[in-house]
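J.: If you read the protein sequences in the order shown, they are chains S and W.
For what it's worth, our numbering labels the leading residue of the first sequence as 1, then goes sequentially.
For what it's worth, our numbering labels the leading residue of the second sequence as 634, then goes sequentially.
Be careful, since some hints might not be right.
[Stated by the list, open to error] A partial selection of chain W residues facing chain S, derived with a Cβ cut-off under 10 angstroms:
#, residue
1, 667
2, 792
3, 805
4, 835
5, 838
6, 957
7, 963
8, 978
9, 987
FYI, nobody ran anything at the bench for these hints, they're computed from the structure.
For glycine and all other residues, C-beta sits at the position ideal for the given N, C-alpha and C.
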Amino acid sequence: MCFKTLPVEFDERGNATLRGGIPNPYDVTVAKPDVALTEDQRRERIERLVAANGHIKDLNMDPVTRIAGALAVHVTADTDKQAYLDAHAQATLFRGYEVILMGRDPRDAIFVSSRACGVCGGVHAHAAAYAIESAMGICPPPMGTVVRNMTEAAEMGYDNPLHLYLLAGPDYSEVILKASNPELWPKAESWRCPNADVHGYTTMADLAAALNPLTGQLYREGLEFTRLSREMVVLLTGKYPHPENVVPGGVSTTLTLQTLNEFHSRLGKIFDYAQRMLAVWDDIPAFFYEADERYQFVGYRPTNHIDPGYWDDPYAYDATYENCNAWGEKRWSTPGVVIGGELLTTRLTDINIGWEEFVEHSYYEESATTRYETDMLGNPISPYHPWNKRTLPKPGARDWKDKYTWACTPRWDRQVVEAGCYSRLLVTAMAQKMPESQFMSATGSSMRFVIPKGESGEREVEWHAPVRWNAFERNRGRAYHYLFSQLVALESLLEAYKLMKQGETRVAALNPKELERAIPMDERRSVGWWGAGRGWLTHHLVMDKGKITNYQICTPSTINASPRDPWGQPGPYEEAVMNTPIIEDVSDPARFTSIDMLRTIRSFDPCMPCTTHAYTGDGEVVRDVNTCSCGAD
Amino acid sequence: MADRQTRTPRQQDRTPAEELLEELGPVDRYHDYESLGDFGMPARAMTDDLLSGMTRPGRFGPLEKVHAFWFAGASCDGCSVAVTGGTTPSLESMLLGAHPGIPRIALHHPVLNVESGAHYLRAAEQAVLGELDAPYVVILEGSIMDEVAAWRAGGYWSAQGEEPWGPDGELRPVSATEWIARLAPKAAAMIAIGTCATWGGVPAAEGNPTGAMSLMDFLGKDYRSVLGVPVVNVPGCPPIGDNFNETVAAVLYFLQGFGPLPEFDELGRPAWLFGETVHRRCVRGAYYEEGVFAEEFGDPECLVEIGCWGPVVNCNITSRGMINHVGGCMNAGGACIGCTMPGFPDKFTPFYKRPPGSLASTTASRMVGSLIRPLRKFSNNNLNREVRWDRQGASPSAFSREKSEPSALADVGHRFYDKVRRANDTGRNDADVWGKRDEAPAGGSPNPRV
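Given the sequences, and given the hints that come with them, work out the whole structure.
T.: Here is the structure:
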């Protein structure tokens, strides 16, 4: 019984039904989550404080840099009580990819939707392929799935260090520490790094200097390793971002022994680097927690995470919705929902039917429908479910009480969940369902990894699920996720060698002519469950008469950057900022840099290009969109 | 808006940029940085200041410093990602002045800079005001969206930063499009990177709701920078990082007086990078020549019949690779979808489908290939034999019988071929062969001439 807010219950065979006797069970006034503080109460409190206190600043940070894409964060900061009283996250970019996909051939979705994000370079192409092949009933051959796993694991090898060293890293560097937290610098100079023998930096000050933007050794090395991993990706995909080889039913990679050997030779360099990366991101939280225990609350949120899993079992994955719970639980990273630190489900159908997206505070017109009342298995779905929604873009004036962002508000069981690559570690660790591996194991509260030998020897490490999820734990989790993904790359490479030995080198189920003939003319619905460098990624697809009639992308940063929901619950960025104490010295309010908020926001690794989207119910709406959005014709 | 999108440039009395600026009106108020304090500037210095000590004056050229403003319109940030992957030269080496002749580049890039918020846009404000300390170039990634339409609805499609440009001096979001319109007149160069900014790309595809267009479309045919240069275009979705980095470097080398004038083609592309079709240097091109084509995804042969448009697409990825000369679409098995072209995506869809025009040429190459392939195989068999093995009449390899001994007929054929090959090399000119010992075994050629 995983649903608390939605009136959904399960029979003895695990099929979901709506609890009877509730009129309009999905109405936002009927199924309401427990909300600690309503929006009105929050606003009242702020107004009271503003009246009594002169140290409250209303500030808008636009743009927030060192993230991908366009994000602004509005804060109400009380420099006297050292607290952020209010926060609003604004996605400031809309492009309309899903609108462009309306009415197109389903084969176009891979290359078009890939362009939703160039930072998560290949994940959209893959999610689209999963959605298309599920709708069309095409099951990739094992080598096709293995090559996808290798590609996507290598992609994480680019994504995680890019964030840790180019985007987030400078916030912990010498230049920023000295300016924003000068009180910490003497301690940094004397604090001996516990992992100095692994990463080679004796003191925190040495480590911080290596994180300096552009000049620091770790910054430069991080950039180099993103290039190495990108080489691994393009060996298989030709291009990065926007891979050229993902096809419905597999990949089009010409796989030779040289391809695998070149992949191997590059992967071999990564494990030494992973050891150093873990050492760095274990030492940074240790230093900050010791320097001031309030750092435990920078970016703090309750343990509410969601992830649809990542990297398939090539023998279990069959591209069907009917069997998705079985093949989903065999993924290297287990799908699941964790609320309040408790693992509620690992079934993809539960994840899907609990999913809703709201637009109360977003620049879209409301358009929930009841076109579909259930999924393909008869489980009930909400009018706000992606398959039912036709959200229409409508640029308008910014109003904190009304609409203020291009992101929408995804919720699971109407609760605020967070997505992150680290959520994979958490769910996989708790579920203990991951495939057997000589390198990875889940213990229920931790993940154990064996780092294979490189120039340094083999080493065992363990990631423990943190008691308190905050900015530091997100970054630490991201470093461990780097290792996790690279071990998946290794396992997948070994599987590829094995398949090659067996002569099973076919990489796609259909050739282009068969693919064209396989496009169904009846109505089909599907979802591609996949992941990005920031966690969760889904593409929901409806097609009819051989054309796309509804396409919807939900990205991890849509979840994390979401604004308030209909019940006033702030989105994850907003909530995390409101929980963040202002630790920097603000005795002179003019010196307030808001570094604590910036560390919080960046710890989520915001990726805004693909955050904003629109989707429509049918081809008709494209014209509606033109009419409603510009008012100019 | 349909009307706004379909007018030809000739029908417009104003460029879209002029139209937008007229709609928005002039601006005269700017941020008061005093009152702003250090908000958003955790290093209490801009990236530009942090690096100022790192770059030393060079020996070459008149340029000491250039500002580069990087703006993202309807963008996926893939161009930024591609540029960080470039290595000839790399982004960091350019910023740190690691190459002789590279001036100091003050890059203002939202993904890289340390400062956030209004401070991040301070230099752009100064540029609008004409008070910047050095010339500047503007780089646009992503397409330009029709902000006039969004503005009339009270909002925006894509905003970066806020300026006190509201009617009463209040802060309002400023679209990337507006920044471009205000910065273009005084820019030393306007550079579009990626297919969205150069031609329109996916955001401008059929059915788009935002009226997206390219930088050239936005600024108009008559646009010239203060150096007299029209918009420079480095296309690709994403572009190869090195194509962009190298173009920037080539322009700087020219401005510093030692590089040749970089040539741009009729669409403003670097001519030395986009002058050839990608097929001409494709690693699979010879399969086309021999008339052998891939049928299944993953096959090693020419990809034209599984949807590759390479023979008619200007691109250099098969020779340059994607990153560090690794990868490249067709090198890895990906069919060309024309992502560098103005016609992308609508003139290439549906994807994974054979371009209809390839039928005539592949039929021709199949016919020619059916003749060429056996002849090549014949010669290849001969060349796979050491002359010693010919004389012995046996190959010493124990691996397989694949290179079996030639038949008597083939042997006669090879001997005849050798005669033809040596028709002008009879060895009868009486060269003074010195140092050759009489007792040396007559090895090597089966018909030793000396």
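J.: Would you pick out the hints that fail for this structure and give their numbers low to high?
T.: The structure conflicts with no hint, since it agrees with every one listed earlier.
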